[in-house]
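> Which chain is which? The protein sequence lines are D and B, in order.
Quick note on full-length UniProt numbering: the first sequence kicks off at 1 and runs consecutively.
Quick note on full-length UniProt numbering: the second sequence kicks off at 1 and runs consecutively.
There may be inaccurate statements among the hints.
Since the list can't tell identical chains apart, any single copy or any two copies may satisfy a pair.
In silico SDA-like links for lysine to any residue, alpha-carbon gap of 25 Å or less [said to hold, decoys possible]:
| id | residue 1 | residue 2 |
| --- | --- | --- |
| 1 | K271 | V222 |
| 2 | K271 | L213 |
| 3 | K261 | S289 |
| 4 | K119 | E146 |
| 5 | K114 | E297 |
| 6 | K271 | F290 |
| 7 | K224 | A294 |
| 8 | K37 | G26 |
| 9 | K114 | S289 |
| 10 | K114 | A294 |
| 11 | K116 | V152 |
| 12 | K119 | K261 |
| 13 | K37 | D15 |
| 14 | K193 | G183 |
| 15 | K97 | A263 |
| 16 | K119 | M158 |
| 17 | K271 | R260 |
| 18 | K97 | G140 |
| 19 | K37 | M14 |
| 20 | K271 | A223 |
| 21 | K261 | R293 |
| 22 | K37 | W21 |
| 23 | K119 | T151 |
| 24 | K97 | Y145 |
| 25 | K193 | I179 |
| 26 | K37 | L215 |
| 27 | K97 | I131 |
| 28 | K261 | V286 |
| 29 | K271 | A294 |
| 30 | K261 | E279 |
Source of the hints: derived by calculation from the structure; they are not laboratory data.
Residue strings, one per chain:
Protein chains: 2
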Amino acid sequence: MSDSQQPEQGLNGMDLIVDGWFHERGVLWPGQAMSLKVEEVLYHGRSLFQDVLVFRSSDHGTVLVLDGVIQVTERDEFSYQEMIAHLPLMAHPNPEKVLVIGGGDGGVLREIAKHKGVKEMTICEIDGDVIKYSKQYLPGLAVGYEDPRVTVRVMDGMEFMLANQDSYDVIVTDSSDPIGPAGVLFEAPFYQKMYDSLRDGGIVCTQGECMWLHLDLIRPLVAKISEFYQSVEYAYTTIPTYPSGQIGFILATKNRGSVRKPARVDRELEKDLRYYNAELHEAAFVLPSFARRAIFEDK
Amino acid sequence: MSDSQQPEQGLNGMDLIVDGWFHERGVLWPGQAMSLKVEEVLYHGRSLFQDVLVFRSSDHGTVLVLDGVIQVTERDEFSYQEMIAHLPLMAHPNPEKVLVIGGGDGGVLREIAKHKGVKEMTICEIDGDVIKYSKQYLPGLAVGYEDPRVTVRVMDGMEFMLANQDSYDVIVTDSSDPIGPAGVLFEAPFYQKMYDSLRDGGIVCTQGECMWLHLDLIRPLVAKISEFYQSVEYAYTTIPTYPSGQIGFILATKNRGSVRKPARVDRELEKDLRYYNAELHEAAFVLPSFARRAIFEDK
Chain D
1 MSDSQQPEQG LNGMDLIVDG WFHERGVLWP GQAMSLKVEE VLYHGRSLFQ DVLVFRSSDH
61 GTVLVLDGVI QVTERDEFSY QEMIAHLPLM AHPNPEKVLV IGGGDGGVLR EIAKHKGVKE
121 MTICEIDGDV IKYSKQYLPG LAVGYEDPRV TVRVMDGMEF MLANQDSYDV IVTDSSDPIG
181 PAGVLFEAPF YQKMYDSLRD GGIVCTQGEC MWLHLDLIRP LVAKISEFYQ SVEYAYTTIP
241 TYPSGQIGFI LATKNRGSVR KPARVDRELE KDLRYYNAEL HEAAFVLPSF ARRAIFEDK
Chain B
1 MSDSQQPEQG LNGMDLIVDG WFHERGVLWP GQAMSLKVEE VLYHGRSLFQ DVLVFRSSDH
61 GTVLVLDGVI QVTERDEFSY QEMIAHLPLM AHPNPEKVLV IGGGDGGVLR EIAKHKGVKE
121 MTICEIDGDV IKYSKQYLPG LAVGYEDPRV TVRVMDGMEF MLANQDSYDV IVTDSSDPIG
181 PAGVLFEAPF YQKMYDSLRD GGIVCTQGEC MWLHLDLIRP LVAKISEFYQ SVEYAYTTIP
241 TYPSGQIGFI LATKNRGSVR KPARVDRELE KDLRYYNAEL HEAAFVLPSF ARRAIFEDK
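Put together the whole structure using the sequences plus the hints.
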């Protein structure tokens, strides 16, 4: 197992399973690795875009791995899916049209579907294999596809947005890390395309990497997109099986102010949730001083 | 390396280093493991109480391991030390006498020393070797011992408290996990001893394990001690090198109400901190729904 190089074309997820444990090592988190105990490999293959591995773990349920990086474990996925979906949706007073870019496992759709006021959900996932194998092995997430309001487009999100301007109240980008197919999703031109596809008052929420690992990536991106979004803020959620145990979200608005307080509180909906609640919405934006300074204050 | 048994008398930290990586596997976090890349082992030996390992890592600075469990890495220790110290100290309007149980590395003392109003800090650490090797290899933490207000007692905390009733404004218990020498620190009798050693209006803050792993341990302990403390609350901090990336704190008060809001805000002191700030004080008590329900609501 190599541990200090870029995942190459030839990365093989099976090589990361040694002595019955899957070891997640990557250039984005040098010198540290999360390991999960493997009970059984359920699927391994190469899609048009990436290495796809699905295994059943001893204690974390079924696990989806793309290019050697853990995307989902059944045990803790709810913290990510709930927060990336409900933070922007609850910050919007009346979201009707929602676009999901990436998110092929269906978990984000599952959460958006809990909002009765939403009329249309379109998902734009570039890798059809992620959808296919999630439906086969992660039914608890792929249940999101069963909602009649969902339209699935297997295509590039940038291309889709070019053809759909001023269309969405909320855009959620649920991407993998900025190495490989998702690299372009961490650059300002992608945020410009999302801006153009938002309706007035719209909100984007994107996977924003980890404040403990990637401040050098987050800071310039936030600075750059603050030039055209009206507000840009950073929240985070805890999730044990992502590197360093947390992941952040960039929330940016088109002609709308801060999203730090929810625009709506729905205690009925919260009964169906395991992570998000209105108080946690506000708390998720309160950053440790080192992260707040690095992202928003230091020059 | 065994991965599903109790650390025994014979646990040898060196056995956990394989192919240049330290692997932290334990019965308290089955099926998952954090690994850190080792550059050089600085010390390994057995104290009267536990296996002590100190190594220099590739990306996380010097690392202290007790009985196979990571206690401190220089890279992220500040999030733990700051929160376990400043949450109770800032919740108290005028803390003068502070007791630390455990915390032999000195990091908690370092944080308490930042409070000018504190007149006495006593540390009661059972394992003198932890103090000795922290002074040798973790000077950035052991600097806490240099403050003239510090008194060091190498002895059992329970015994010390028996002889010091109604004495302290704040007691901080910075312990290892409830297997091995620290087991007794997670039981109600220990919390009763702390209660007796608090002055009126006093606050205890203890290492409270992880909401993602140990709700079955936290819930009954919180219920039990709520019978004699006036308020009992749970906060958490993010810390990448602890299991699942977070650790919690139990804060309990003797004849004082909620500690969720700081009693004091000190922006000058905050300039010296990298994690704690007054806004984060409040946010740290806002739990994800699954944890809030499990600890405080479900019967």
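> Now tell me if each hint is right for this structure.
Going through the hints against the structure:
For a Cα distance limit of 25 Å, the shortest separation of K271 from V222 across copies, 23 Å, qualifies, whereas the shortest one inside one copy, 33 Å, does not. For the identical chains of this complex, K271 and L213 are inter-copy neighbours only, at 22 Å across copies versus 33 Å inside a copy, given an alpha-carbon limit of 25 Å. Taking the shortest Cα distances, K261 and S289 sit within 25 Å of each other both inside one copy (20 Å) and across copies (17 Å). Taking identical chains as interchangeable, the C-alpha atoms of K119 and E146 lie at most 25 Å apart only when both belong to the same chain, with a minimum of 14 Å there against 64 Å between chains.
In this assembly of identical chains, the alpha carbons of K114 and E297 lie at most 25 Å apart only when taken from different copies (24 Å versus 36 Å within one copy). For a Cα distance limit of 25 Å, the shortest separation of K271 from F290 across copies, 10 Å, qualifies, whereas the shortest one inside one copy, 34 Å, does not. Taking the shortest Cα distances, K224 and A294 sit within 25 Å of each other inside one copy (14 Å), while across copies they are farther apart (41 Å). Within a single copy, K37 and G26 get their C-alpha atoms as close as 18 Å, and across copies as close as 12 Å, so both meet the 25 Å cut-off.
Proximity of K114 to S289 under the C-alpha cut-off of 25 Å is restricted to the inter-copy arrangement: shortest distance 17 Å between copies versus 34 Å within a copy. Taking the closest pair of Cα atoms, K114 and A294 come within 25 Å of each other only across two copies (23 Å); inside a single copy the shortest separation is 35 Å, beyond that limit. In this homomeric assembly, K116 and V152 come within 25 Å of each other (Cα to Cα) only inside a single copy, at 19 Å, whereas the closest approach across copies is 61 Å. In the homo-oligomer, the alpha carbons of K119 and K261 lie at most 25 Å apart inside one protomer (24 Å), although the nearest pairing across protomers, at 40 Å, exceeds that limit.
In the homo-oligomer, the alpha carbons of K37 and D15 lie at most 25 Å apart both inside one protomer (14 Å) and across protomers (19 Å), since each shortest distance falls under that limit. In this homomeric assembly, K193 and G183 come within 25 Å of each other (Cα to Cα) only inside a single copy, at 15 Å, whereas the closest approach across copies is 55 Å. Proximity of K97 and A263 under a CA criterion of 25 Å is satisfied intra-copy only: 17 Å inside one chain copy versus 44 Å between copies. For a Cα distance limit of 25 Å, the shortest separation of K119 from M158 inside one copy, 22 Å, qualifies, whereas the shortest one across copies, 61 Å, does not.
For the homomeric pair K271 and R260, the shortest alpha-carbon distances inside one copy (21 Å) and between copies (24 Å) are both at most 25 Å. When the C-alpha separation of K97 and G140 is checked against a cutoff of 25 Å, the pair qualifies only within one copy, where the shortest distance is 24 Å, while the shortest distance between copies is 52 Å. Both within a single protomer and between protomers do K37 and M14 lie at most 25 Å apart by alpha-carbon distance, with minima of 13 Å and 21 Å respectively. In this assembly of identical chains, K271 and A223 lie within 25 Å of each other by CA distance solely across copies; the values are 23 Å between and 37 Å within a copy.
Taking CA atoms no more than 25 Å apart as the test, K261 paired with R293 passes in both settings, with 21 Å inside one copy and 22 Å between copies. With identical chains, the CA atoms of K37 and W21 are at most 25 Å apart both within one copy (4 Å) and between copies (17 Å). Proximity of K119 and T151 under a CA criterion of 25 Å is satisfied intra-copy only: 11 Å inside one chain copy versus 66 Å between copies. Within a single copy, K97 and Y145 get their C-alpha atoms as close as 16 Å, which meets the 25 Å cut-off; across copies the closest is 59 Å, which misses it.
For a Cα distance limit of 25 Å, the shortest separation of K193 from I179 inside one copy, 20 Å, qualifies, whereas the shortest one across copies, 53 Å, does not. Taking identical chains as interchangeable, the C-alpha atoms of K37 and L215 lie at most 25 Å apart only when they sit on different chains, with a minimum of 22 Å there against 30 Å within one chain. Taking identical chains as interchangeable, the C-alpha atoms of K97 and I131 lie at most 25 Å apart only when both belong to the same chain, with a minimum of 21 Å there against 59 Å between chains. In this homomeric assembly, K261 and V286 come within 25 Å of each other (Cα to Cα) both inside a single copy, at 11 Å, and across copies, at 14 Å.
Taking CA atoms no more than 25 Å apart as the test, K271 paired with A294 passes between copies only; the shortest distance there is 14 Å, against 36 Å inside one copy. In the homo-oligomer, the alpha carbons of K261 and E279 lie at most 25 Å apart both inside one protomer (9 Å) and across protomers (14 Å), since each shortest distance falls under that limit.
When the structure is compared with the earlier hints, no violation turns up for any of them.
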